[in-house]
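*Asks:* Chain by chain, the residues:
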Amino acid sequence: MNVAITGINGALARLVTTRLLAAGHTVAGIDRLPWPDAPPGVTMFRADIRKRPAEEVFRSQRIDALIHMATVTHFTASRQERYRTNLVGTQALLEHCHTYGVSRFVFVGRHTVYGAAADTPLFRTEAEPPLAVSTFPDLSDLVAADLFAGSALWRWPEVATSVLRVVYTLGPSQRGTLHNFLRGGRVATVLGFDPLYHFMHEHDAAEAIALAAQSGLRGVFNVAGPQPVPLSLLCEVTGRQAVPVPEPVYRWVSGRFGFSSLPDGAINHVKYPIVVDASAFARATGFKAVYDEVRTMEGVRLGESRRD
Amino acid sequence: MLHAPFSWIADRAGLVTDEVRARLDALELPFNRYGLDPFGVSKDHLGFFYGLLAPLYRHYFRVRTFGIEHVPASGRAMVIGNHSGGLPVDAAMVLAALFFGRDPPRHAHGMVELFAQSWPFVSELFCRAGQFPGLPDHAVRFLEADRVVMVFPEGARGTGKLYKDRYQLVRFGTGFVRVALQTRSPIVPFAFIGGEEALPTVYHAETLAKLVGSPYWPVPPWVLPVPLPMPCDLHFGPPIVLEGDGHESDEVIEAHVARVRATVAELIENGRAMRRREGRR
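Chains Y and P supply the protein sequences, listed in that same order. Counting from 1, one number per residue, gives the positions in the first sequence under my numbering. Counting from 309, one number per residue, gives the positions in the second sequence under my numbering.
Think of the hints as simulated: they come from the structure by calculation, not from any bench. Glycine included, every Cβ here is placed at the ideal spot set by N, Cα and C. You may find that some hints are simply not true.
Cβ pair distances, simulated, as ranges [claimed, not checked]:
id : chain 1 : residue 1 : chain 2 : residue 2 : range
1  : P       : S382      : Y       : P248      : 32 to 40 Å
2  : Y       : S103      : P       : P313      : 39 to 47 Å
3  : Y       : P263      : P       : R583      : 53 to 61 Å
4  : P       : A334      : Y       : R155      : 53 to 61 Å
5  : P       : A334      : Y       : G41       : 55 to 63 Å
6  : P       : E586      : Y       : E298      : 54 to 62 Å
7  : P       : T515      : Y       : P172      : 26 to 34 Å
8  : P       : T515      : Y       : R32       : 52 to 60 Å
No more than 25 Å apart at the CA atoms, straight line, and that leaves these computed lysine to any residue pairs for SDA-like [unchecked claim]:
id : chain 1 : residue 1 : chain 2 : residue 2
9  : P       : K351      : Y       : P248
10 : P       : K351      : P       : W427
11 : Y       : K288      : Y       : L178
12 : Y       : K288      : P       : F339
13 : P       : K518      : Y       : S134
14 : P       : K518      : Y       : P248
15 : Y       : K51       : Y       : S134
16 : P       : K351      : Y       : R295
17 : P       : K351      : P       : L335
18 : P       : K351      : Y       : S134
19 : P       : K472      : P       : Y524
20 : P       : K351      : Y       : Q241
21 : P       : K351      : Y       : R301
22 : P       : K472      : P       : W427
23 : P       : K351      : Y       : D277
24 : Y       : K288      : P       : G552
25 : P       : K472      : P       : H311
26 : P       : K351      : Y       : V243
27 : P       : K351      : P       : D326
28 : P       : K518      : Y       : A118
29 : P       : K518      : Y       : D119
Please model the complete structure; the sequences and the hints are all you need to start from.
*Replies:* Here it is in C-alpha cells:
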C-alpha cells in the first residue's frame, strides 16, 4: 500500500511511518516542513494541506490510504489559523480522497473532544456528543473537524473512513498535549480535585493508527490502552511536583512560577476526567496495548530519559 | 497514593486500623500496582473512607444490622432503600454495614447527587472511594463488573423530607429497575431506621442551599445540620429478582417499582414496630 501521511513531521506521525514501513508499505509524507533524513521508503512532499501542491500529490501519486495528522492543537496558533488548518484542511483532504480514488481515510483526532464536566459519565463511548464545544470552546475547531471527518462515512461511502479519538500520548519523544502540561516539572492542579487522566504510550498509539489504516476500518472509534490514573499519581510517578492551587487563583497562576500556561477553558480538564471506553476499537481491530499505565509513566520519569 | 489533606487526617486520627486493612485485602476488587481499580477507585482512599465510617457505624450511631446475609457474597447486586434523615448518613451507614458487618466484606458504589462532583475534596474523595454521580451508565458499568450498587430511589426528595413526613416514602425514581433488568441484577431491599431522629429537618434554608449548590439545606431544631448520636437500625430483606430486559413499557416498570417500594415500606414498618417493642423511639 502507498500511504500518505499529512503532518508527517509530528512525533507520533513519524512513529506511524516507521510501523508502516516495517509492514512493507511505502509512505508519501506531506508537511509544510522538510524531513531531511527521512528513511528510505518515504517520499516527502512539502505542501500545505489546504493548497494546490497538496492536491498535486494525490493527482500524481497513487495513494491507497491517507492518514490525516496535520491538525494544529497548540494554542499559540491564532483561532483563524486553527480553523483554516483543522477544518478547511480536513475538508480539502476528504475531497481529494473522493476525487482521486483513495480508498481509506484515517482521521487522527483526540479524546478531548468529549469535554470535561461534572455531570458526564466516567466512561465516554463513541455514541456521546462531543461536549467540548461548550466546556472548552477553544477546542471547537477540533470538534468540528472530528465531526466533519465522520460525515465522510455517509457522504462518500466508497472511502473507508475511520475517525480515531486517541487519548493523550506519553513517550520518549516528550511531545503532545499532556507532555506540554507536565513540562517544567511543576504542575498546577486544582485544590480538592484529582481527575483521572487517560493516556497511552506513543508506540501503542502509533500501532493503533497504523492498524486502522491497514485494516480499512470504518466508523468512529475511541483509542486507548491501559486504565486511567489520577493526576496526582501521574505527577508522582513521572517525577513531577503537583502543586494544588485554589480554583479562583488558577487562571492567574497559569503560565507563572514555572507552571505551563493553559487557556481559560482548560481548567475543566484539570478538575474533571475525560476517560474513554475503547472496547469498540479493540473488538474491531484486535488492538491490545503493549505498555501498561505503570510502564508508560515510568518511561517519562523526569531525569531518566529511558528509551524503550 | 493518599495525599494531603487526607493522608494528614488519616495519620493523626489513626483511621486505617488493622481491621480496615484486613477487610480491604479481602475485597474482590482488581487493584493495580498502585492500588487503583479500572474505575479509579483507590485502596488507600477506601482505607481513609472506611476508617472514618467505622467509629460512626459502631459508636456514634451504634448501627444494628439485620439480614446482611441477603447481600450476595460475590457477583452483582443492587441495594435499594429509603432515605432517612436530612443528611445522607444512611448511605454512609449502609456502606459501612456491607464493609464491617459482612464476611467477606463488600464494597458498594453509591449513586450520588450530581452536585457533590463540583465540591472540592468531596469530589476527589467520592471518586476515589467509588461513590459516583447517579447516572444509569455508571450503575450499568459497575454491575457488569459484578459490583454492588447502592441506590436511594427517592433521591434528594428523600433526604429533603421534613420531620413531619418521616418514614413516609416519597416517589421512587424508575431508572434503577430498568438498570436491574438490563444487567440481570438482584435487588436487595433495605430499610434504614433512626436517621430521621438523628437529624430531623424542620426547615429548609433555600438561600444557603443555592449558595453552596446543593438541592436543599436541612435545618434541625438545633439549627446546625449535625446529626445526633441516635441508635440506628438497618434491615435487609431477601433479594428480589425481576424478569425482563429493561425495555418494557413504563407501565410494566412502574409495577416493578411499586413492588420494590412496597417491600421497603414493609421493612420500615417491621423495623419501627421492633423499636417500639423495645421501647425505643
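*Asks:* All hints are to be evaluated individually against the structure, with a verdict given for each.
*Replies:* Against the structure, the hints:
Evaluation of the 32 to 40 Å hint for S382/P and P248/Y yields a failure: the beta carbon distance comes to about 46 Å. As the Cβ distance of S103/Y to P313/P is approximately 57 Å, the hint placing it in 39 to 47 Å is violated. With their beta carbons about 58 Å apart, P263/Y and R583/P fall inside the hinted range of 53 to 61 Å. Between A334/P and R155/Y the Cβ separation comes to about 56 Å, which falls inside the hinted range of 53 to 61 Å.
For A334/P and G41/Y, the Cβ-Cβ distance of about 56 Å falls inside the hinted range of 55 to 63 Å, so the restraint holds. A C-beta distance of roughly 58 Å is found between E586/P and E298/Y, which places it inside the suggested range of 54 to 62 Å. Judged by the Cβ atoms, the range 26 to 34 Å given for T515/P and P172/Y is violated: they are separated by roughly 55 Å. Restraint check, T515/P to R32/Y: a C-beta distance of roughly 57 Å satisfies the suggested window 52 to 60 Å.
At most 25 Å may separate the alpha-carbon atoms for a hinted pair to count; K351/P and P248/Y exceed this at roughly 31 Å. For the hint pairing K351/P with W427/P, the CA-to-CA distance comes to about 22 Å; that is within 25 Å, so the pair holds. This hinted pair checks out: K288/Y and L178/Y have alpha carbons roughly 22 Å apart, not beyond 25 Å. Only pairs whose Cα atoms come within 25 Å are accepted, and K288/Y paired with F339/P is accepted, the gap being roughly 20 Å.
Distance restraint check for K518/P and S134/Y: the Cα-Cα separation of roughly 23 Å lies within the 25 Å cut-off, and the hinted pair is therefore satisfied. Note on K518/P and P248/Y: the hinted pairing holds, with a Cα-Cα distance of about 19 Å set against a maximum of 25 Å. Between the alpha carbons of K51/Y and S134/Y the distance comes to roughly 31 Å, so the proposed pair goes past 25 Å and is violated. Restraint check for K351/P and R295/Y: the C-alpha separation of about 20 Å stays at or below 25 Å, so the hint holds.
With a CA separation close to 10 Å, the supplied pair K351/P and L335/P stays within the 25 Å bound. The suggested pairing of K351/P with S134/Y is violated, with an alpha-carbon distance near 34 Å, which exceeds 25 Å. Straight-line distance between C-alpha atoms of K472/P and Y524/P comes to about 17 Å, which keeps the hinted pair within the 25 Å bound. With a CA separation close to 22 Å, the supplied pair K351/P and Q241/Y stays within the 25 Å bound.
Using a Cα cut-off of 25 Å, the hinted pair K351/P and R301/Y holds, with the two alpha carbons roughly 24 Å apart. Distance hint between K472/P and W427/P is unfulfilled; the C-alpha atoms sit about 30 Å from each other, more than 25 Å. A threshold of 25 Å between alpha carbons decides the hint, and for K351/P with D277/Y the separation of about 23 Å falls inside it, so the pair holds. Proposed proximity of K288/Y and G552/P is contradicted: the alpha carbons are some 35 Å apart, above 25 Å.
For the proposed pair K472/P and H311/P, the alpha carbon gap of about 43 Å is over 25 Å, so the pair is violated. Of the supplied pair hints, the one linking K351/P and V243/Y holds, its CA atoms being roughly 23 Å apart against a limit of 25 Å. Restraint check: the Cα-Cα separation between K351/P and D326/P comes to about 14 Å, which is no more than 25 Å; the hinted pair holds. About 17 Å separates the Cα atoms of K518/P and A118/Y, which keeps this hinted pair within 25 Å; it holds.
Taking the CA atoms of K518/P and D119/Y, the gap is near 18 Å; set against the 25 Å cutoff, the hint holds.
Of the hints listed earlier, those the structure fails to meet are numbers 1, 2, 7, 9, 15, 18, 22, 24 and 25, in rising order.
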